[in-house]
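S.K.: The chain contents come next:
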Amino acid sequence: MVATDKPTYKVVGTRPIRPDGTDKVTGRAEYGVDTRLEGMLYGAILRSPHAHARIKRLDTSKAEALPGVFAVATNADFPRVESGTMSIGEGTANPVWLVDNLLAGEKVLYHGHAIAAVAAIDQHTAEDACALIEVEYEVLPAVVDVREAMLDTAPILHDDLRTTVRARGVEPSANRPTNIALHLRLEKGDLEKGFAEADVVIEREFETAMFHQGYIEPQNGTAWWDRDGNITIWTSVQGTFNTRDQVAAVLKVDPSRIKVMPMEIGGGFGGKNPIYLEPVAAILSRKSKRPVKMWMPRDAVFLATGPTSATYCRIKIGAKRDGTFVAGHAYLAYEAGAYPGSPVGAGAQCAFAPYNIANQTVDGFDVVVNGPKTAAYRAPGAPASEYAVEATINELAEMLQIEPMDLRLKNASREGTLNSVGAPWPTIGAEAVMQAVKNHPHYNSELQGEDTGRGVALGFWFNGGMESSGTASVQADGRVSLILGTMDIGGSRASMAMMLAEDLGLTMDDINPHVVDTDNVGYNATTGGSRVTFQGGWVTRDLADQIKAQMSARAAAIWDVPADQVKYEDGAFVGPKERFSFKEMAGKLPGTGGLITVSATSKRNTQGPAFAGHIVDLKVDRETGKVQILRYTAIQDVGTAIHPSYVEGQIQGGAVQGIGMALNEEYVYDDQGHLRNASFLDYRMPVANDLPMIDVQMVEVPNPGHPFGVRGVGEVPIVPPQAAIRNALHDAIGINFYRTPVSPRVILDELLPKD
Amino acid sequence: MQALKYARAASVDEAVQMLRDGGPTAKVLAGGTDIIVLARERRRKVELFVDIKHIPETTGISYDSSNGLTIGAATPLYQIYGNSDVVRHYSALAQASHVIGGTAIQGRASLGGNLANSGPAGDSIPAQMALNGTALIAGPNGRREVPIVDFCTGPGQNVLGADEFIVSLHFPHPAAHSGSAWERFIPRNEMDIAVCNSATYLVLNGDVVTEARIALGAVGPKVFMVPTDALVGKPLTDETIAAAGEAAKATATPIDDMRGSVKQRKHLSDVLTQRTIRAAAERARG
Amino acid sequence: MTTANHFVLSAVINGEQRDFLADERDSLLEALRERAGIRGPKEGCNNGNCGACSVLLDGRLVNSCLVMAAEVQGAEITTIEGIASPEGLDPIQQCFLEEAALQCGICTPGFIVATKALLEENPTPTEEEARFWLAGNLCRCTGYDKIIRAVLKAADQKGS
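Residue numbers (the numbering used here), protein chains in the order written: chain A, 1 to 755; chain B, 1 to 286; chain C, 1 to 160.
Just so you know, the hints here were simulated from the structure itself, not pulled from any lab data.
Be careful, since some hints might not be right.
[What the hints assert, rightly or not] Computed cross-link-like contacts, DSBU-like style, restricted to lysine-lysine with a CA-CA straight-line distance of at most 30 Å:
1) 222(B) - 626(A)
2) 626(A) - 263(B)
3) 567(A) - 577(A)
4) 567(A) - 548(A)
[Stated by the list, open to error] Covered stretches of chain A (chain B as the covering partner; in silico rule of three or more C-beta atoms under 8 Å from a C-beta of chain B):
5) 123 to 132
6) 739 to 752
[Claimed, not checked] Derived, one-sided and incomplete: chain C residues facing chain A with beta-carbon distance under 8 Å:
7) 37
8) 39
9) 50
10) 109
11) 131
Given the structure is predicted, the values throughout are model-derived calculations rather than measurements.
Glycine included, every Cβ here is placed at the ideal spot set by N, Cα and C.
Same shape as in the complex, but just chain A (with noise of 0.2 Å):
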C-alpha cells in the first residue's frame, strides 16, 4: 500500500460477508428469471435468419391461431415515437432506434435481429407459434467490417444517416446516405509542430474483434399492465430507472405508470443497460390481459443484445531521443452495430490518458455495420484504443532502446497535466501504479523456460459521477435500514453498508441494506461507469450526517442542553455529563418525537479516476501456437478498498475477460453476416484450467473528490491485459501481431513458414 496519510477506519478496508451472500450460496437469491406470478405466460422471439434485408411479408396468422398462444406482438404494436436523443444509462440512443432494434420495422439490420414476438402458455408452444411466422425476406447485400462499412460503395444501413461532425476544420460531407454516424476530433497543442519536433516516428495499425460481455444470466424480463394502466416490470438490469424511462419513452407511458423491480442481476459488465424484452413482454402483457415472462436463449444473448465495438486503430507517435513524447495522432474507427452509437468517443478520450503529450490529435468515427446494436463493455471504447497505443509505445521502447516501464514513467500523466480535452488531471495514480509496477517482485523476477515472454501495460479509466439516492431509517432497536435504488451487481450492498456504518460507528450488522424498486426509492442513475460506490459513498456520508444531527437534536433534548453541546464520537452520543450508545440512542426515539428517517442524493463531479498496470508472464508451444499464462499481477490505483475482497474480485474479473479477449474470444462472421459462433462452445471464454491465480496489488491514492477517497474500480482492470499479453508474445517468440484475439491458429500461422 502506498498511500501516504490514509485514515484509520474500523469498518472500511475489512472484509465481512456480504449481506446478499447466503441467499446466493443456497440458491434462494431471486433473479429476474425466477420471476413466477399467477397466470403468468411465457414469451418467445422469431429472429432474423438474415443479417440485412427488407421484410416484405410479416404474417402471424397462424402462430395467433395455435391453441395456447395469447398474443402475438409486431413492431406494428409500438406506438410511434419521435426521432430524438434518449439516455440508455451508459450512452445514448434514438427512441426511433431503440423501437427498431426491439421489434424490426421495414428492414432487419443484423443476423437475429428480432421481428416477432409470441405469449403463450408455456415455453414449449410459444417456440412452436414462432416457428409458425411466415416471413418474406428480400435480402439485401450485408457489411459487417468497420473499414469497408465506410466505403462509398458500402452497402448503406439506414437510407436517413447522415455523419454528424465534432472535428474542428472538418467539412460536412456532402448529403449522402452513409454507414458513418459520426467523426469526432479531441485536439490539443500543434500536432504538425509536434512531429517536426520528433526525432522518433513510429506508426503502427490495429484491429480488435468484436467481444460480448458473456455474463452467464441471459437477458430477461417479466411484465404486468394491468387493467388501471400501470405496468410493472421484473428484470434485472444495471439500472431499474434507467429501464423504467426508456420503457416509458418506447411505450410513450408516463415513467411514473412503470415500477420496475429490482430482481438480482447475473452479471451485466454494461450489457445490460439496453433494453431488450421488457417493452415486449409489456405488449404482450396489454394483449394478452396476463403477466408475461421472457428470457433469452444464449444464441439469442450472443446474437441479439450489445457487444462491443469490433475497431481498427491507427497509431503514431513521435518523440524526441531520450524518449519524450512531442506529439500523438491516433485514428479510431469503430463498429457501432445497426445503429449508431459505439463509444468511440469515451476510446478517444482514454487513447493516449497514462502519458503526458503535449501536441495530440485523436481522430474518431462512429459506424454502423450489419451486426447487433454495440452496448457498453467494461471501460467502454478504452481496451482498443489504449491496446494499440500500448502496443505501438513497446514498439517505440524498442526503437529507442528504453526500458518499456521507464519510457512510460518518463512520460506519465500527473497531477495538473492537461488530458486529452485540454482539462487538467486531478491527483492521479499514473505514475505510483507505474513505479509499483516498476518495484513489484514479478517484475523484477527471473523469467524462466524456453518460449516465455513477459509483458506488461497501462490502463485508464474514468469515475463515472451521475446521480444517486438513498434513504436510512433508524429502528428502534438500534440496527439502520439502508434503502437503496443502484442495482448491486457484484457487492456494492456490502460496500454501501460498510461506509454508512463507518460514519454511524457501527458495525456491518447494524445496518441493514436493500435495494428497492422504482417506486421506492430516490432516483437513481444505472450501475455502471464504476460509479456506485463512488456516489453512493456521499449518499451514505450525507445520510449518516442527517442521523447523527437529529439524534444529537434529540439526545440533547433529553439532557436539555444545547445541540452543539452534544459531540457523536465512536458510535456514541456524548453530552456533557451522560453518554448514549447509539442503540440507546435509537431506544429513546418512539418516546421523543418518532423513529428518524432520512434521505439523500448526490450527482457531484469530484470523480477520482484510475490507473492499472498489468504484468504477465506467459509460454508459447511453437508446435501449435498455443499459449498458457504463467503468472498474472494487476496493479491498480484503487483510491481507498472499501471491502477489499471485492474490488480484488473486480480487478481479477477484469482482468480475465481482458485475457479471454486477448487469446480466444471474438465474433466470428461469415460474408453475409451470420455470426458463426453464438455459443459458450464456440465463443471460447475463459475456463477455469485455463488460468493462474490472478495476484492484485492495489495501490491506493485516495480521491481527494470522495470522504472515503473512492474511485471507481470495476473498469480498468480490463484495459491492459490485450496490450500486456501482445506484449508479452513478442518477447517470448520474437513477434508482434497487430490483431486480438491471438489465437492459436494466429500464432501457428505466423510461425509456420508461409505458403
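Starting from the structure of chain A, add chains B and C where the hints point.
M.R.: This is chains B and C only, laid out in the frame that chain A set:
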C-alpha cells in the same frame, strides 16, 4: 423443445421395437448431451426418445485378459476413465473419456453416443479406432458386428440402418509390449471441439514397431486411419516418428472453418500424431 | 392445450419425495424451475457449456439442461437448495462467503453443486485438479481466483 414423447426400453428387443414403431423420427437417447440440444434447437426432427440406459447390456463395463473389454454403448464416460482396467490397458480410451466436455457432461455422455453422432471431431472415435474396437449393433434383423474403422461413413453419417442402434463396444485385449495414447488440440484447456485429435496404438519388439494403428480426427470428413508403413517393421526413431507424422499430414483432408484452418489442421495432424506415437511407445516400454 | 403432454414426475428432490406435473418436452432444468418451483439451478446456455444448471442426479454431477425430465422418474436429485443441512451451511457454502467467491452469484449454485461432487470424489484436490473439475462451470465475474481458493479451503476444512 419440439413436441416429443419419451419411452424407456427395458431390453434390446424392446428398444428395437420402439424405434421401429416410432419410425425415422424416433431417436435413441443415451447420455443425451448432443441429441437433446439438437432436438431443442429444432435442428433434428425428433418425435420419440427411446431411452436405452435401463438395458443391462448397454450399460456397464466388463473386462478380462482373454476376451478384452466390453463397454455398454450408453455407459457414462466417468465410469470408463474411472475403471482401473481401462486406465491400465486402454490408455487412449481413458484419456479421451476424461476430457470430453466437462465433468458434468462426463456424467452422462457415452462412447456409443459419440460414435453414433459420427462427428468428424468426435473425441473418442480415434481412440476407439486405434484400439481396434468393434461395435455390436442391434436392429430389426438381429445383431451384427461392425469394426469401428468402418462405422462412420461421412460427417454425421454411419452404417446404422433404420431402427438399428449400438448396444456395446468391444475392444480386444492389447498385445504384450503395446501401448496407446490419445491427444487433441483445442484453443482452451477444456470445453472445446477438437481442432485435431489423434490416437495411436503400437506394439514394440525391442525398438522395432511390430504393429501400429493411428487414427486422426477433425481433419477430414470422418475420423480415419493413418498409413503406418513408415513405422511398422522399423525401429522407433525420431526419423520414423517424423515420417509417420508426415504420413498423417499427407492423409489429412481438413476444411477451413471457424474452429481451424487447413494449414493449422494439416500441421497439427503431424504434431499430434508424433506426440501420440511417443506417448504410446513410452507406455509400450512400460 | 393440444401440444401439452403432461405426466406426473415422481422423484426424490433434496431428500423429499416430490410428485408434480411436468411436460414430456421439459428438460430436468425446466421441470425443476418452472413446474416444481425449484429455481436455484440457473439457465445460462441450455446446451451444457456453462454449468449454471448443475445438479446431482443419483449422486452424479450432470447438467440438468441436458437431461429430459422424463428420464429422472424415480431418481434422486440434489440441487443447490439441498446442499445446506438444517444445522447450517455446508462448509463449501461458508467458504464461498468467506472468500468472496461470488460477485453476481448466478454461477454460484452450479459451482457449489459441482464442488460438492468434487469433494465427495476427491476430498483433497490440488489446485490443478479443482480447476480441471470445474472447467465446465463458467464464471464471468471473478476470474475464478477466489472460487478456487474457496474450494481448496472447503476441502481443507472438510478434511480436518
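S.K.: Give a verdict on every hint.
M.R.: Results of checking the hints against the structure:
no.	hint	in the structure
1	222(B) - 626(A)	holds, 25 Å
2	626(A) - 263(B)	holds, 15 Å
3	567(A) - 577(A)	holds, 12 Å
4	567(A) - 548(A)	holds, 9 Å
5	123 to 132	holds (count 4)
6	739 to 752	holds (count 6)
7	37	holds, 7 Å
8	39	holds, 4 Å
9	50	holds, 5 Å
10	109	holds, 5 Å
11	131	holds, 4 Å
Going through the hint list in order, the structure satisfies each hint without exception.
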